[in-house]
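Engineer: Here is what each chain is made of, one letter per residue.
10 protein chains.
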Amino acid sequence: MSEKTKILETFENQYPDRDYKIVHTAPEFTSLCPKTGHPDFATLILEYVPDKLCVELKSYKLYLESFRNDGIYYESVTNKILDDLVEVCQPRYMKLTAKFNVRGGISSVVEVEYKKV
Amino acid sequence: MSEKTKILETFENQYPDRDYKIVHTAPEFTSLCPKTGHPDFATLILEYVPDKLCVELKSYKLYLESFRNDGIYYESVTNKILDDLVEVCQPRYMKLTAKFNVRGGISSVVEVEYKKV
Amino acid sequence: MSEKTKILETFENQYPDRDYKIVHTAPEFTSLCPKTGHPDFATLILEYVPDKLCVELKSYKLYLESFRNDGIYYESVTNKILDDLVEVCQPRYMKLTAKFNVRGGISSVVEVEYKKV
Amino acid sequence: MSEKTKILETFENQYPDRDYKIVHTAPEFTSLCPKTGHPDFATLILEYVPDKLCVELKSYKLYLESFRNDGIYYESVTNKILDDLVEVCQPRYMKLTAKFNVRGGISSVVEVEYKKV
Amino acid sequence: MSEKTKILETFENQYPDRDYKIVHTAPEFTSLCPKTGHPDFATLILEYVPDKLCVELKSYKLYLESFRNDGIYYESVTNKILDDLVEVCQPRYMKLTAKFNVRGGISSVVEVEYKKV
Amino acid sequence: MSEKTKILETFENQYPDRDYKIVHTAPEFTSLCPKTGHPDFATLILEYVPDKLCVELKSYKLYLESFRNDGIYYESVTNKILDDLVEVCQPRYMKLTAKFNVRGGISSVVEVEYKKV
Amino acid sequence: MSEKTKILETFENQYPDRDYKIVHTAPEFTSLCPKTGHPDFATLILEYVPDKLCVELKSYKLYLESFRNDGIYYESVTNKILDDLVEVCQPRYMKLTAKFNVRGGISSVVEVEYKKV
Amino acid sequence: MSEKTKILETFENQYPDRDYKIVHTAPEFTSLCPKTGHPDFATLILEYVPDKLCVELKSYKLYLESFRNDGIYYESVTNKILDDLVEVCQPRYMKLTAKFNVRGGISSVVEVEYKKV
Amino acid sequence: MSEKTKILETFENQYPDRDYKIVHTAPEFTSLCPKTGHPDFATLILEYVPDKLCVELKSYKLYLESFRNDGIYYESVTNKILDDLVEVCQPRYMKLTAKFNVRGGISSVVEVEYKKV
Amino acid sequence: MSEKTKILETFENQYPDRDYKIVHTAPEFTSLCPKTGHPDFATLILEYVPDKLCVELKSYKLYLESFRNDGIYYESVTNKILDDLVEVCQPRYMKLTAKFNVRGGISSVVEVEYKKV
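Protein chains in written order, with our numbering: chain X, 21 to 137; chain F, 21 to 137; chain C, 21 to 137; chain A, 21 to 137; chain E, 21 to 137; chain U, 21 to 137; chain S, 21 to 137; chain B, 21 to 137; chain R, 21 to 137; chain W, 21 to 137.
Some hints could be false.
Taking CB as the label site, the calculated pair distances span [said to hold, decoys possible]:
#, chain 1, residue 1, chain 2, residue 2, range
1, A, K136, S, E133, 52 to 58 Å
2, W, K135, B, T63, 30 to 36 Å
3, F, Q34, X, S96, 54 to 60 Å
4, R, T63, U, T63, 43 to 49 Å
5, C, F31, X, R38, 21 to 27 Å
I should point out that these hints are in silico values taken from the structure, not numbers from a laboratory.
Model, not experiment: these values are computed from the prediction.
For each residue, glycine too, the CB sits at the ideal point set by N, CA and C.
Chain X with its partners taken away, still in its complex shape (with noise of 0.2 Å):
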């Protein structure tokens, strides 16, 4: 387990027969571009239906917190933290969609899926 999932916490699903939803918004997300070192910026949409375990919100965030002053790319930070929640969690299913702020007059987002077999 790397230094970065141990920040995240989970609880036990209290309704683990019913498959449902939830979606945690996060549009405070910031890191850096790891070619210039300037501040990236997006809004992290998380859905996951849970398993036994569910994300524990404050963990999360500061899971979240902890990449303000790490360089990373787009595409890198989005898997790896899906990564990292599928990890902890082992939901049923899980996507993550990181809408990164315009930067060079371009807007980018990437959406990452997770599905248990």
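Given the structure of chain X, go ahead and fit chains F, C, A, E, U, S, B, R and W onto it with the hints provided.
Structural biologist: Positioned in the frame of chain X, the structure of chains F, C, A, E, U, S, B, R and W alone reads:
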């Protein structure tokens, strides 16, 4: 039957031969966070296909108001309200979407569903 | 044929060989609450695929106005209007969506559908 | 070929091997109501998949302007424009959506579709 | 390889085992109308599922800027940009939607798609 | 005192030493057109600075409902409502803005004002 | 009195002792460009303080429709309509704002005002 | 000093030589209707120019939460909150705008102001 | 007279006795950044009160297009366009507002004004 | 001159004879809360009338980024940025509006102003 479900009243569906949809949007739901004691706020969107019974609107409003000073988590309150409504009016289909206000810079949605087998 | 349906007029569909959709949105529907006597307000969205007959727009307006001083519930009025329109113009498909204004902090939608067999 | 369709011009589709979509939105369509003589106004949304020919945009504008002083019903004008465009450019698929302004408190949409067999 | 595609750069997809979506929205595309010489303006929405390569964002911006003084039609420029991007980064799926500003009272959208076979 | 003004009730202003503003927005006003008999609809925005008395909200709602089947023109009804409210609660300042729905393609606003001398 | 102003009718202001404002918004104004013959479209916002006479709404609608096939410039038509209305109803104050649709990528507004001396 | 004002805390204004404006928007205010016992909801917009003291944000939040189960009228609660804040932080200027949710089809705003003499 | 101002044409103001306002909104202005050579984009809002001459709309469009490949700063281009227009049409009042797109995460507006003395 | 103000650069105002307005909107400002260490986020709107010097945009961006890991209160950071900018570019007028994101259910704005005497 719990104390809370006793508040809920129903009336007879006058068009039981037709599958049709009813949606009630309640933007004034509030309960307490069980950890901090501070109030939470949500918009509840209830969508259902009635069978023999419809949810009486005024009693639904009173039922929602009964959570005002209860300490209860996002995921629990959404599942509980669905369960109570299903128990009382036995619909053919029911979905409850709870959109909670921003906390710690993150807004949350919980969406639960029931289908008669 | 009831008093109300006599208000409704139709005209011949000039393109019966083609399945096509007509939508009429009427944001000024009003009737009375049978319990309190106070006025209710709704936007009615009528969507249909005509067969041999189309709903004449002016007569539809007069038909809707005829509910102005009637005491009738949300679910009943929506189902009744669909039934009347189906009886009069015998469409291939018809859907009526009634979006009622906020009452007691809650807004309601009723959505009913008809499919020719 | 009618007088009106003679206004419409086409140009050769340079990418006939690929199915792709073209949408033209014309918010300034106006004709006359055949009953009252008063002007009607609509936004026309034309969506199509070209085969060998594309609709030339300027001629389409002139074609739409030619209805300015014609008395014609909502349903008729929408079906007629689709028929004319299909006749002239023989598309793989075409849909025309006409959104008419409020008359008597009611706004109307007519949506017609063509699929090459 | 044409002059234009030489501007486009790629970088290695770090998550090739996962199908995921990248969207770049460029609201500042401009070229010239080949008939009149006047400038056209469009918002380009590029959506793709990368295989081994991703489009490098800065080079994509430069590539789009290279059309600034080119005379080229709506349909051609949209198809050409898709072809160039497919050639250079060989994605699993790619869609380009170009939304052109109002000309002669009509706005236009061209939407082209590529699927790896 | 007319029949209508008898419906209006007031309560004592608890803060008469301070000039402050109260605004009531009523989007469900409806009366009849005296010429055609068809219903008119308006949003009424009442803004006032109370002196000794405040308008009781429920009685104001009933007062507005009393116009439901009255035939009365836009300009008259707006001036009349202002006059009635001024007569009953004697405010320091009062403004009534009535925004009527589209009729014959034209929407209308009437705005009347009263200042205590 | 010109042909056009003969269309305009007035009715007596029932509240001449009070200065109050009437606004009519007509989003369906259309005339022709005198240079190109192509139609122009505008939203006309008429705001006035009546003296002895008010503009009759239906006649105002017919008056606006009378420009449908007239060739006339933006600045001229706006000034002319104000002059005609001032001549016919002699208001204490009148302002006409004409918001014309995009032509050549540019939208235009003309705003003219009259104050009784 | 009342029980409620004891909740409010202040901190020293670091820039007392400059007149500047602070605005706090609290969309989650709720109290009870003293007549019916049902909850009321409002957005409170507090705008002020500090003198020696600023309102501490967390204590302001707790202060607002203390009204949760109090029965109090729109006009009273708005005036009371202004008075409490003025008493505690003695600002140069302060305005409180309370926008209450729809009740009986009518939404209400109360706006009160304080100016240091 | 510079090369650029020669493009601008005027026509005689037909209503010189009245002070009235003309607004032209041009959302498609583009020039180049003199430092980086990359394109800048802006919406230009021109508002003026004509004296003897009005700006001819088509020539204004061509004048704006002439900046397409010029390297010029935000502040300079806004001041220069105002100066050119004032020189050519000698208005009673003129204001130019230029709203530039986001660069480096920051959007900029420059607003310049001229008043005849 | 402090470390931070050294980051700020200026360029000579080319139009010092004219009073004109420049507005820079920076929606990506972030610093840390000195109490909790958690990040704060704000949109900064800088509006000024230059005298001899203008704020160089890129250096302003770098200056704002320098607060990324500073612990500083809402009121302090807004006043400090204004003071720094006034010191460096000596404008005729300057206003800074900082709109902070929701914290504890409350969003805040701080607005400070400078006028040359």
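Engineer: Now, for every hint given, state plainly whether the structure supports it.
Structural biologist: Consistency of the hints with the structure:
1. The beta-carbon spacing between A/K136 and S/E133, approximately 57 Å, falls within the hinted interval of 52 to 58 Å.
2. Distance hint check for W/K135 and B/T63: the Cβ-Cβ separation is about 32 Å, which falls inside the suggested range of 30 to 36 Å.
3. Judged by the Cβ atoms, the range 54 to 60 Å given for F/Q34 and X/S96 holds: they are separated by roughly 58 Å.
4. Between R/T63 and U/T63 the beta carbon distance is about 32 Å. The supplied range of 43 to 49 Å is therefore violated.
5. Take C/F31 and X/R38: their Cβ atoms lie about 51 Å apart, and the range 21 to 27 Å is violated.
Against the hints set out earlier in the document, violations occur for numbers 4, 5.
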